[in-house]
Amino acid sequence: MKSRQRIFAMIIKEFRQLMRDRITLSMTVMIPLFQLLLYGYAINTQVRHIPIGVVDQSQSAFGRLLVESVKATQIPKLKAAYPTVVQAQKALKQGRVQAVLILPKDLTQRAAQGRVLGQWLVDGSDTLVSGAIKSLQTMPLTDFDIPIRKAPPAKTFEVAILYNPSQRSAVSIVPGISGIILTMTMIMFTSSAIVRERERGNLELLITTPIQPLELMVAKIIPYILIGLVQVSIILGVGHLLFNVPINGSILQILLVTLCFISASLTLGLLLSTIAKTQMQSMQMTVFILLPSILLSGFVFSYDAMPKAAQWIAEVLPATHFMRMIRGVILRGANMLDMWPDTLWMLGFTVIGICVAAKRFSKSLD
Amino acid sequence: MTSAPAIIAKGVSKRFGKFTAVKQLHLNIPQGQIYGFLGPNGSGKSTSIRLLTGLLAPSEGNIQVLGYQVPEQAEALKTQIGYMTQKFSLYDDLTVIENLAFIGRIYGLDPVTLATRIEQQLLTYDLKPIEHQRVEGMSGGQKQRLSLAAATIHSPKLLFLDEPTSAVDPENRRDFWEQLFDLCDKGTTILISTHYMDEAERCHQLAIMEAGEIRAHGEPEQLMLQMGVNVVEILYPDLRRLKAQLLALEEVHSAAQLGVRLRVLISKHVSDPIDWLKCRFPELLTAELEIARPSLEDVFVSVTGEGRA
Numbered sequence: 001m002k003s004r005q006r007i008f009a010m011i012i013k014e015f016r017q018l019m020r021d022r023i024t025l026s027m028t029v030m031i032p033l034f035q036l037l038l039y040g041y042a043i044n045t046q047v048r049h050i051p052i053g054v055v056d057q058s059q060s061a062f063g064r065l066l067v068e069s070v071k072a073t074q075i076p077k078l079k080a081a082y083p084t085v086v087q088a089q090k091a092l093k094q095g096r097v098q099a100v101l102i103l104p105k106d107l108t109q110r111a112a113q114g115r116v117l118g119q120w121l122v123d124g125s126d127t128l129v130s131g132a133i134k135s136l137q138t139m140p141l142t143d144f145d146i147p148i149r150k151a152p153p154a155k156t157f158e159v160a161i162l163y164n165p166s167q168r169s170a171v172s173i174v175p176g177i178s179g180i181i182l183t184m185t186m187i188m189f190t191s192s193a194i195v196r197e198r199e200r201g202n203l204e205l206l207i208t209t210p211i212q213p214l215e216l217m218v219a220k221i222i223p224y225i226l227i228g229l230v231q232v233s234i235i236l237g238v239g240h241l242l243f244n245v246p247i248n249g250s251i252l253q254i255l256l257v258t259l260c261f262i263s264a265s266l267t268l269g270l271l272l273s274t275i276a277k278t279q280m281q282s283m284q285m286t287v288f289i290l291l292p293s294i295l296l297s298g299f300v301f302s303y304d305a306m307p308k309a310a311q312w313i314a315e316v317l318p319a320t321h322f323m324r325m326i327r328g329v330i331l332r333g334a335n336m337l338d339m340w341p342d343t344l345w346m347l348g349f350t351v352i353g354i355c356v357a358a359k360r361f362s363k364s365l366d
Numbered sequence: 001m002t003s004a005p006a007i008i009a010k011g012v013s014k015r016f017g018k019f020t021a022v023k024q025l026h027l028n029i030p031q032g033q034i035y036g037f038l039g040p041n042g043s044g045k046s047t048s049i050r051l052l053t054g055l056l057a058p059s060e061g062n063i064q065v066l067g068y069q070v071p072e073q074a075e076a077l078k079t080q081i082g083y084m085t086q087k088f089s090l091y092d093d094l095t096v097i098e099n100l101a102f103i104g105r106i107y108g109l110d111p112v113t114l115a116t117r118i119e120q121q122l123l124t125y126d127l128k129p130i131e132h133q134r135v136e137g138m139s140g141g142q143k144q145r146l147s148l149a150a151a152t153i154h155s156p157k158l159l160f161l162d163e164p165t166s167a168v169d170p171e172n173r174r175d176f177w178e179q180l181f182d183l184c185d186k187g188t189t190i191l192i193s194t195h196y197m198d199e200a201e202r203c204h205q206l207a208i209m210e211a212g213e214i215r216a217h218g219e220p221e222q223l224m225l226q227m228g229v230n231v232v233e234i235l236y237p238d239l240r241r242l243k244a245q246l247l248a249l250e251e252v253h254s255a256a257q258l259g260v261r262l263r264v265l266i267s268k269h270v271s272d273p274i275d276w277l278k279c280r281f282p283e284l285l286t287a288e289l290e291i292a293r294p295s296l297e298d299v300f301v302s303v304t305g306e307g308r309a
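If you read the sequences in order, they're chains A and Y. End of the first sequence = 366 in the UniProt record's numbering, gap-free, step of one. End of the second sequence = 309 in the UniProt record's numbering, gap-free, step of one.
Hint data in this document are derived by calculation from the structure and do not stem from the laboratory. Check before you lean on any hint, since a few could be wrong.
[Claimed, not checked] In the DSSO-like style, the derived pairs of lysine-lysine whose C-alpha atoms are separated by at most 27 angstroms in a straight line are:
{"id": "1", "chain 1": "Y", "residue 1": "K278", "chain 2": "A", "residue 2": "K13"}
{"id": "2", "chain 1": "Y", "residue 1": "K18", "chain 2": "A", "residue 2": "K277"}
{"id": "3", "chain 1": "A", "residue 1": "K308", "chain 2": "A", "residue 2": "K93"}
{"id": "4", "chain 1": "Y", "residue 1": "K87", "chain 2": "A", "residue 2": "K277"}
{"id": "5", "chain 1": "Y", "residue 1": "K268", "chain 2": "Y", "residue 2": "K278"}
Every value quoted in this text rests on a predicted model; they were computed, and no experiment measured them.
Could you put together the complete structure from these sequences and hints?
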């Protein structure tokens, strides 16, 4: 009887405390609700709308028809037409398109002879994308009203997979893992940074000293940048040695891209830290960011297959930009300037984020 | 220059929503003195200190500390003041010397000055033997000495101490006060809040606070002399019953039992309190009654109590 009473007393107390913690309470509802809705709509294992470029050297009516019929499969989405293969390859390296369809000059002749019509150049850094393009290899040509003398070819297109020709998943996963690990640890470290000072009672002393909010924010970030770099070195080093992940880009570029991402993630954590009142709350917020960073960033599911709204959310997350950049640098040998929109976003996020965090952190107890 | 007051507060109030934590605070604290805020928990002592350091913005009124307008010029003021919070607020996972170095650097001491100051502070506050010890696991007294060493590492002109002795034993408290007087001797103005009478008695000047208001202020000695009540001590067998009867009388401010004696505060309007008591309570005719010297606690009890109802 007494034991039941004690358990009951404890239960009541737990509920009371929980009810008074608004952020935790809203998180317990928001996390399942928001995440379920988001992924229910966003996750699409069928890859669609892959951004592609076309180099139509044939400049023929049949060429245009063929492109239309490729578009009709909805797997690719035509983003640009390039006059030369070299330009198309450059766009591929920069990550502006993920595949290029090259239609040769003798396209009509090839069709008539029942030969392979053209060639796909595919960025293999995301195995889901290359797999989807490969499925177009045997696209039937039944809709076409063209004089085919021989039986239709077994293969409509040749597919050349660049950067990860053997389509090993480790090659695309290892760089991605570094993004996930960094998101997890970097946001976690800093999201509790200010809250910890508050909980331990250090903050009241700190705000009576001459330290400025911006100084505090910058100083809170710098130590963790080093930790982040150590983590990335471990992941990529082991990935290279054990899983033969090629490192095609320069080490300097990897370092710069990683630095950008670490700064952006730490800033995000710091922002959370100025919102959270307890370390428990900051942990929950970290989870709230971490899940979409894993699922929407293009690490697990294809970014291009997601609906627009989910893509917008993904664009906000530093992990999405990093996923593109690190794969670009490591696998395609791209540099930060090639991927300038992602670079700019990361830098902008960091600078604006630190300023907002510093502004939110007021040196007063009001 | 030295004659200018360290702290001037005029009509300062602080409201949190509907609750008024500090009401119409007026202060004029001269430099080089130890000024005390004496009051029970929740009387507005900590809020007043936070208002004076610029941690809180006043709802109304004007504050000037060391010539700086607060909270407008609080940032400039911060290099000139030291602050010791009620709760220990240094880093548990750093050593004594690391904590001192951290605070010194935050206050912008150059490396040479910092090294000298750390050494001086370690010696002054008897921290040398534990300089490389981490703070976690240190005693209340050691933590308190470290806090004071940290709060004074940049040689502030003005030191705010918010109930600094609440976690230490009487011996450490005595040593602590010796250190405060040493600081004061070197020209540091100290504002300290406490709920200990014996500590309050050591201050040069004192403000007794209750429910966010100053009920009385002045030198402790002066306050005791000017007290509006007489103190009578009664030695009598049935004190519990007598106390209840006494408290029902309007002239009696308070009655507190001290062992076998009852200490009764009777309004100054009663010219001869012993006679008056004996008239009211014939059973006291044979009891031992005597006028006692008022203590600060008597002052405190006589000026407060309205809020307790």
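Right, here's what the structure says about each hint:
1. Simply put, Y/K278 and A/K13 have alpha-carbon atoms about 55 angstroms apart, too far for the 27 angstroms limit, and the pair is violated.
2. A distance of roughly 23 angstroms separates the Cα atoms of Y/K18 and A/K277; the hinted pair therefore holds under the 27 angstroms criterion.
3. A C-alpha spacing of about 24 angstroms is found between A/K308 and A/K93, which places the hinted pair at or below 27 angstroms, so the restraint holds.
4. For a cut-off of 27 angstroms, the pair hint linking Y/K87 to A/K277 stands: about 18 angstroms separates their Cα positions.
5. Taking the CA atoms of Y/K268 and Y/K278, the gap is about 17 angstroms. The hint holds against a cut of 27 angstroms.
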